[in-house]
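Number of protein chains: 2
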Amino acid sequence: MNTLKLRHVAIDTHKENVAYLHRECTVYRTEGFQALSKIEIHKAENGSPIIAVLNVVDDESITAPGELGLCEQAFRQMGVQEGTAVRVTHAKPPLSLQAVHRKIAGERLEFDDYLAISRDIVANRYSKIEMAAFLVACAETGMEREEVLYLTRSMIETGERLEWGEPLVADKHCVGGIPGNRTTMLVVPIVAAHGMLIPKTSSRAITSPAGTADTMEVLARVQLDMQRLHDIARSERACLVWGGTARLAPLDDILIAVERPLSLDSAGQMTASILSKKISAGSTHLLIDIPVGPTAKVRSSLTAMRLRKLFEYVGDRLGLHLEVMLTDGRQPVGRGIGPVLETRDVMQVLNNRPDAPADLREKSLQLAGRILEFDPDVRGGQGYVIARDILESGRALRKMESIIEAQGKNPDPPQLGHLQYQVLSPRSGVVSSIDNLQMARIARLAGAPMDKGAGVDLHKKVGNPVEKGEPLYTIYAEFPADFQFAKEAVQQENGYHIGAHS
Amino acid sequence: MNTLKLRHVAIDTHKENVAYLHRECTVYRTEGFQALSKIEIHKAENGSPIIAVLNVVDDESITAPGELGLCEQAFRQMGVQEGTAVRVTHAKPPLSLQAVHRKIAGERLEFDDYLAISRDIVANRYSKIEMAAFLVACAETGMEREEVLYLTRSMIETGERLEWGEPLVADKHCVGGIPGNRTTMLVVPIVAAHGMLIPKTSSRAITSPAGTADTMEVLARVQLDMQRLHDIARSERACLVWGGTARLAPLDDILIAVERPLSLDSAGQMTASILSKKISAGSTHLLIDIPVGPTAKVRSSLTAMRLRKLFEYVGDRLGLHLEVMLTDGRQPVGRGIGPVLETRDVMQVLNNRPDAPADLREKSLQLAGRILEFDPDVRGGQGYVIARDILESGRALRKMESIIEAQGKNPDPPQLGHLQYQVLSPRSGVVSSIDNLQMARIARLAGAPMDKGAGVDLHKKVGNPVEKGEPLYTIYAEFPADFQFAKEAVQQENGYHIGAHS
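Sequence order for the protein chains is A and B.
According to this note's numbering, the stretch in the first sequence is residues 802 to 1303, in order.
According to this note's numbering, the stretch in the second sequence is residues 802 to 1303, in order.
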């Protein structure tokens, strides 16, 4: 009765369980299922059923009558072989959806509500539209700060947690939006050279032209298993790896998959997302960098201040020692945008080269200095000097080389893209502003971060005088199509404003 | 450059354009697409591109590298043959999404905003999660009644409109939730026998055990093309057909596909949905039936009154002559629940059989009477008497037979399900309530409306005395599995409350 043969359908539906039934399948017809309705799929032997959203198929080579197709994620969750007999029934909506409806109606939810929602989402019981409903409901009435705390705790409780067995585990995080802002690759070796533990897990770029993981990969392996990560962090006091392998706060990854296409980016979600990941990673002391500027993610100091208070409120209640720095986000940091170019900037600073970008160096020292002051033995205000000393003495460079060696040096480092195009100044004057968003867009169109050698190299920064016809920046690309797209974007808007000589 | 061969993927993704790219496809890798991100698909020749949400495929038999797969709806919209060369680019988010974000932030939107959103959704430019965001944003802060008007107008403007060329085109609508409430099949022949034009297009059941289209189909064809529909309406002054063939307010159908799985059912959406469909169908005079009762869709007279005011506000501004009747929704209407059983009830009333269900007859006469009073020549208060006269004289029956003949009599009418089960009263007393939701659920589990002969036949109604062991109702089913499900549901809860003899 209602028995179907399981079939693997190799479609990646990205964080949603989808099941496929043929339109002529008896079970589909007699059960009165609706497309998009949710079904429960039971194994013949006992065990809890999985839930999936139904799509209807008219092609027997995908799913034939008598078969039940499951997308990749749902098939994995089911955990049995193709051909296994399964039974399907109408799914009851997850109980926690009632809390979502209360949130839609404007009610404030309690910790138990957030935990129940989190558990159901992590168990793949929500469809994408149900997740969207939850996110919009939270974005719209906004969440009380207590609710942001509840959501953060729920994200932590539904994932794994790393333990370092030390009382001080430092970390830093930037809320993002500034191209070229590769301070992490300087802060980590400086802090580790001082002896402080800073096991840094970073993301790859999602919408930006380079993430720290993408950039570090120019120099060394960044995908390491948990055991190796622990060993390196213990011996080097640091690592610079991709954080995707651990199941830290998996709810956050799932919600981001829906937030991103919706361009939802509320302060509450951002706070819960960042702090849950950091606490799950075992951090005890965290410095958050909030760049403020007209084309940054945070555009006014009022917004930055509100965000700071929210970070502090949630961090304090979760026992995290948290500091926030508001930084200058009016233009890109350093010169290079894109993995290879940003690596070059970082190595120039570590090598104390006179032509190293001064702003990247200075900002990294400021951040590292604040982190060093987490050390009870460092006197308030002395962090910056210690950081500068570590950098200038070459100890930071040696630490970085040692980390690279430990993670596995890249034997064949990628080169700069061979297609190059100089963007010239249309007039003489002084650079009065550089648009972060447009520069990031041009670098992405040129191929970053997928092509590590693609990107943009800035020759002028805000305040620099420039002559008409002098190069403002150079675009690097690997593929002619990307190169063309990037040049077309420049023609529309080159991202620079040139003011009159003052 | 970036050229892919179009491929038809026979998956019905239900109102969402989905595109499939193989994970190893060069275009997927170099463009840096994200799963769930939206892409634009361009034909080689000019013409506007279509937009689709991206899914990643790992099976070449579904979509191979170098191919672009499109789900059924997107393939149809593309309108070119398999194998055609197409180009894909990143899609810019539809401009109207900015208005959705303003609505999420709690702003009130203007008519132009609603129109832009409607146009983009009807052109399949929204993903399901974007539609969910729009619906939740409207549900949460709620819509001002001006906004409900704007949404209704936008729904009408983005679809087709029927024209009847007469000053009075009558219609009726019930907001739903009451099983067995098949008054339309009585009201239409009565009103048409009076000479008033009432070209009735109905829906099939979505979540209920029978819609008017499902039930009428027991007697006659209901899927007619537009020309035939017009001819019949002109000659008979009426028709009783399925409304799905016309593209009336298509936005409504799309939004319902997302609302239903989310169980969103706000007064604003309901009002816009009903009135846009009716005005698009060319109706000038509309009677709306709002049943009120503890297990009906509308549970209190306060809610019913608010809904009435909203209908009146929007209807008046759109030039619709609209009346609302609040009716008794405390139990199912008539005896049968399910297409064959409800048809039997209707025919008993039309035949003036003494055993015809009195409540169905009385309610239909009340509704028909109010519609007849739309006729300027009918004196206020006389509608009911005229309706009763038309019914008792047999003119309503002859009109119904004539409509059936015109639409095409069903040569092989379905029979009652051969599996039968009597549910007996567990005690003696008086029926004090019948649960609409549970009776609808039992009838659906038994197979209605898919199996037209399946359903429930009530032998006792509220107020009837009953002895212990006497049958309360009979379940009819076609298939043993359905029969079993329905019986199990009865064991949990039979839907009847039996009180003490008064």
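Check the hints yourself; a few may be wrong.
Straight line, CA to CA, 25 Å or less: simulated DSS-like cross-link-like pairs of lysine-lysine [claimed, not checked]:
| hint | chain 1 | residue 1 | chain 2 | residue 2 |
| --- | --- | --- | --- | --- |
| 1 | A | K1261 | A | K1288 |
| 2 | A | K816 | B | K1288 |
| 3 | A | K844 | B | K1288 |
According to the in silico footprint, chain A covers these stretches of chain B (three or more CB under 8 Å from chain A) [unchecked claim]:
| hint | region |
| --- | --- |
| 4 | 859-867 |
| 5 | 917-931 |
| 6 | 1197-1211 |
Simulated from the structure, these hints should not be mistaken for lab results.
Glycine included, each C-beta is placed from N, C-alpha and C at the ideal position.
Comparing the hints with the structure gives:
1. K1261/A / K1288/A: holds (18 Å)
2. K816/A / K1288/B: Cα-Cα ~37 Å, so violated.
3. K844/A / K1288/B: holds (24 Å)
4. 859-867: As far as the region 859-867 of chain B goes, the hint holds, because 4 residues have Cβ atoms under 8 Å from chain A.
5. 917-931: With 4 residues closer than 8 Å to chain A, the region 917-931 of chain B meets the three-residue bar; holds.
6. 1197-1211: This one is violated; 0 residues, fewer than the three required, reach chain A with a Cβ under 8 Å.
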